[in-house]
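Asks: The lines below spell out each chain.
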Amino acid sequence: MTDKLNRNNIEQRAARTRERAGWMRQRLLGMIVAAGQGHPGGDLSATDILASLYFDVLRIDPAMPDAPDRDRFVMSKGHCTGALYSALAGRGFFPEAELDTYLKPGSRLNGHPNRTYLPGVETNTGPLGHGFPVAVGIAIAGQIDRTDYRTFVLTGDGELQEGSMWEAAMLAGHRRLGRLTVIVDRNRLQQGARTEDTNALEPLADKWRAFGWQVAEVDGHDHAALLQALDAAAAPRDVPLCIIAHTFKGHGVSYMRDQAGWHHGVPNAEQYAAALAELEAEAGR
Amino acid sequence: MSGAAPAQGMFDCRDAYVAALEELAADDPRIVAVVNDSVGSSKLGRFRDRFPDRLINVGIAEQNMVGVGAGLANGGKVPFVSGAACFLTARAMEQIKVDCAYSQANVKLCGISSGVAYGELGATHHSIEDVAWLRAIDRLTVIVPADPWQTAAAIRAAAAHDGPVYLRLSRMPVPQLARTDATFRIGVAETLREGGDLAIVATGTLVHRALAAAESLAAEGIGARVINMATVSPIDVAALAEAAATGAIVTAEEGLAHGGLGGAVAEWCARHAPTRMRMLGFPGFLPTGSADWLMEQHGLTATGIAAAAREVLQAKPG
Numbered sequence: 001m002t003d004k005l006n007r008n009n010i011e012q013r014a015a016r017t018r019e020r021a022g023w024m025r026q027r028l029l030g031m032i033v034a035a036g037q038g039h040p041g042g043d044l045s046a047t048d049i050l051a052s053l054y055f056d057v058l059r060i061d062p063a064m065p066d067a068p069d070r071d072r073f074v075m076s077k078g079h080c081t082g083a084l085y086s087a088l089a090g091r092g093f094f095p096e097a098e099l100d101t102y103l104k105p106g107s108r109l110n111g112h113p114n115r116t117y118l119p120g121v122e123t124n125t126g127p128l129g130h131g132f133p134v135a136v137g138i139a140i141a142g143q144i145d146r147t148d149y150r151t152f153v154l155t156g157d158g159e160l161q162e163g164s165m166w167e168a169a170m171l172a173g174h175r176r177l178g179r180l181t182v183i184v185d186r187n188r189l190q191q192g193a194r195t196e197d198t199n200a201l202e203p204l205a206d207k208w209r210a211f212g213w214q215v216a217e218v219d220g221h222d223h224a225a226l227l228q229a230l231d232a233a234a235a236p237r238d239v240p241l242c243i244i245a246h247t248f249k250g251h252g253v254s255y256m257r258d259q260a261g262w263h264h265g266v267p268n269a270e271q272y273a274a275a276l277a278e279l280e281a282e283a284g285r
Numbered sequence: 001m002s003g004a005a006p007a008q009g010m011f012d013c014r015d016a017y018v019a020a021l022e023e024l025a026a027d028d029p030r031i032v033a034v035v036n037d038s039v040g041s042s043k044l045g046r047f048r049d050r051f052p053d054r055l056i057n058v059g060i061a062e063q064n065m066v067g068v069g070a071g072l073a074n075g076g077k078v079p080f081v082s083g084a085a086c087f088l089t090a091r092a093m094e095q096i097k098v099d100c101a102y103s104q105a106n107v108k109l110c111g112i113s114s115g116v117a118y119g120e121l122g123a124t125h126h127s128i129e130d131v132a133w134l135r136a137i138d139r140l141t142v143i144v145p146a147d148p149w150q151t152a153a154a155i156r157a158a159a160a161h162d163g164p165v166y167l168r169l170s171r172m173p174v175p176q177l178a179r180t181d182a183t184f185r186i187g188v189a190e191t192l193r194e195g196g197d198l199a200i201v202a203t204g205t206l207v208h209r210a211l212a213a214a215e216s217l218a219a220e221g222i223g224a225r226v227i228n229m230a231t232v233s234p235i236d237v238a239a240l241a242e243a244a245a246t247g248a249i250v251t252a253e254e255g256l257a258h259g260g261l262g263g264a265v266a267e268w269c270a271r272h273a274p275t276r277m278r279m280l281g282f283p284g285f286l287p288t289g290s291a292d293w294l295m296e297q298h299g300l301t302a303t304g305i306a307a308a309a310r311e312v313l314q315a316k317p318g
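Keeping their order, the protein sequence lines are chains A and G.
Per full-length UniProt numbering, the first sequence starts with residue 1, numbered consecutively.
Per full-length UniProt numbering, the second sequence starts with residue 1, numbered consecutively.
Since the hints were made in silico from the structure, they are not lab data.
There could be a bad hint or two in this list.
Said to hold, decoys possible - Cβ pair distances, simulated, as ranges:
| no. | chain 1 | residue 1 | chain 2 | residue 2 | range |
| --- | --- | --- | --- | --- | --- |
| 1 | A | Gly261 | G | Ala238 | 54 to 64 Å |
| 2 | G | His125 | A | Asn268 | 20 to 30 Å |
| 3 | G | Glu220 | A | Gly163 | 55 to 65 Å |
| 4 | G | Ser290 | A | Thr101 | 53 to 63 Å |
| 5 | G | Arg271 | A | Gln37 | 29 to 39 Å |
| 6 | G | Thr303 | A | His264 | 30 to 40 Å |
| 7 | A | Glu96 | G | Arg179 | 42 to 52 Å |
| 8 | A | Gln37 | G | Glu267 | 32 to 42 Å |
| 9 | A | Glu96 | G | His125 | 37 to 47 Å |
Unchecked claim - Incomplete in silico selection of chain A near chain G, CB under 7 Å:
| no. | residue |
| --- | --- |
| 10 | Thr116 |
| 11 | His130 |
| 12 | Glu167 |
Stated by the list, open to error - The following residues of chain G were derived to be distant from chain A, with all beta-carbon distances above 12 Å:
| no. | residue |
| --- | --- |
| 13 | Glu23 |
| 14 | Gly195 |
| 15 | Trp268 |
| 16 | Arg276 |
The beta carbon of each residue, even a glycine, is placed where N, CA and C say it ideally should be.
Using the sequences provided together with the hints, build the complete structure.
Replies: Structural data, given as structure tokens:
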């Protein structure tokens, strides 16, 4: 009976984050089309992860973005701002209408997030290999103070080719940062090619385990699975957690799915209409 | 170089640094130290013993060290991130730019054994480019203290300042300077000696040498104003205006002759008050040799500064 209730509850929560993810996908594609540039492939692979975090998991209050006991989320793959900004606006950190200023001159919605003028951003990212070490530092501060907040960080998989990522992974494992969770957006594509054809990451789970982490692997587009993996009860207490989220670049728009060519790129009017139709059909299912 | 105790009346400013840091840490639980296996070279052994939870040794990993520093600041700490200046700055430059300066994280970066302190170890371990590099980064305060008192004062000021700071610290022995006004404010230079014929603008280990040069110039009837420009960025433009008013400037620093303090002074003068200048510093990669020998070879002595002063006075119009 309890199991059934929990399952119902997680399905209800998953339905909510799935609905929000659908909204984010429509919104971010509109932003990219209006701006004439963006990173739709990586935005769409990360959307379900961000929706799970911002609309369910993170204990944050948009009215108090600097509250000392807030959960932290660091967007280490800082180029995927279409997904990040739509999540932040959807969660209420700034007005949704401001999304229409994406990449426009003087907008707070820069191509890469900036904490000095956009509430909800923890640290400026963009160059790869930066957000994760900062997240480790946040988790160390929490460890020293024995605080309750959790620190989450989303990295790209190609980003794991940066040396600083493994410096940070090693330290987090050594210090047994139990309140730190890294989510790897494992879409298997980097800017120009497959990760495994460029500088192979596999066996990726074994690498994290060797660095002292607990590893969970989930379907990064399955909202119930994401919520279960991100749940505090599922996190180990005395070692950091790595969630390898198996995703597809461009997920949600069939012609973009798993295509390196949509790392950058802007749909034309016809493609945009087709993408919206597909997303609306999905939302109606 | 390392190991030998400073001669009598001379001080290793690392001692003032750690004493000030321990004092601050005793009063303020937010103060933490972050090191790259540099507990010994940063002289932080006693800090570690007193505050074991607040000494974070990330191992030999400078990029991570600076990123972790920014994260600690996000978590409400005031981190003093200490490592050999050569590695801290060059290895982690993008982290300094993005995680600290661009993000305006409240991180204090402490470059230990800067300049040519590691003399014989060669150009890999010299940190002569750091001031030129870091003063190019927007919204990053750069401080080069000149003596033990100013080192301690700069550490306290950096802790009280909300924002990223680079403190360029030295292990090369220097005397304690005499001063009448014992206040230190970020961005405010101190005029240690008045003089109307020329101005010597110096930082760090060159300040006491500049004072000695001014002394010998005075015996020749030349009045040299001596300005200790401890904050290189943002630079004190009022002090520069006074220096330019003499009509001749010599800059002296334990770093590159271009791009650092000399470059900063020259840029301001070119825009606002074109002035005859000589810029003393190193031309580039240096051969092996002790720190003292390297300084002598490039005129970074009282004699060398006085000679540059005579030269620039001869070139002074009128």
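Asks: Indicate, hint by hint, whether the structure satisfies it.
Replies: Taking the hints in turn, this is what the structure says about them:
| no. | hint | in the structure |
| --- | --- | --- |
| 1 | A:Gly261 to G:Ala238: 54 to 64 Å | holds (57 Å) |
| 2 | G:His125 to A:Asn268: 20 to 30 Å | violated (56 Å) |
| 3 | G:Glu220 to A:Gly163: 55 to 65 Å | holds (56 Å) |
| 4 | G:Ser290 to A:Thr101: 53 to 63 Å | holds (59 Å) |
| 5 | G:Arg271 to A:Gln37: 29 to 39 Å | holds (37 Å) |
| 6 | G:Thr303 to A:His264: 30 to 40 Å | violated (60 Å) |
| 7 | A:Glu96 to G:Arg179: 42 to 52 Å | violated (58 Å) |
| 8 | A:Gln37 to G:Glu267: 32 to 42 Å | holds (35 Å) |
| 9 | A:Glu96 to G:His125: 37 to 47 Å | violated (53 Å) |
| 10 | Thr116 | holds (5 Å) |
| 11 | His130 | holds (6 Å) |
| 12 | Glu167 | holds (4 Å) |
| 13 | Glu23 | holds (20 Å) |
| 14 | Gly195 | holds (43 Å) |
| 15 | Trp268 | holds (27 Å) |
| 16 | Arg276 | holds (41 Å) |
Violated hints for the displayed structure, listed by number in ascending order: 2, 6, 7, 9.
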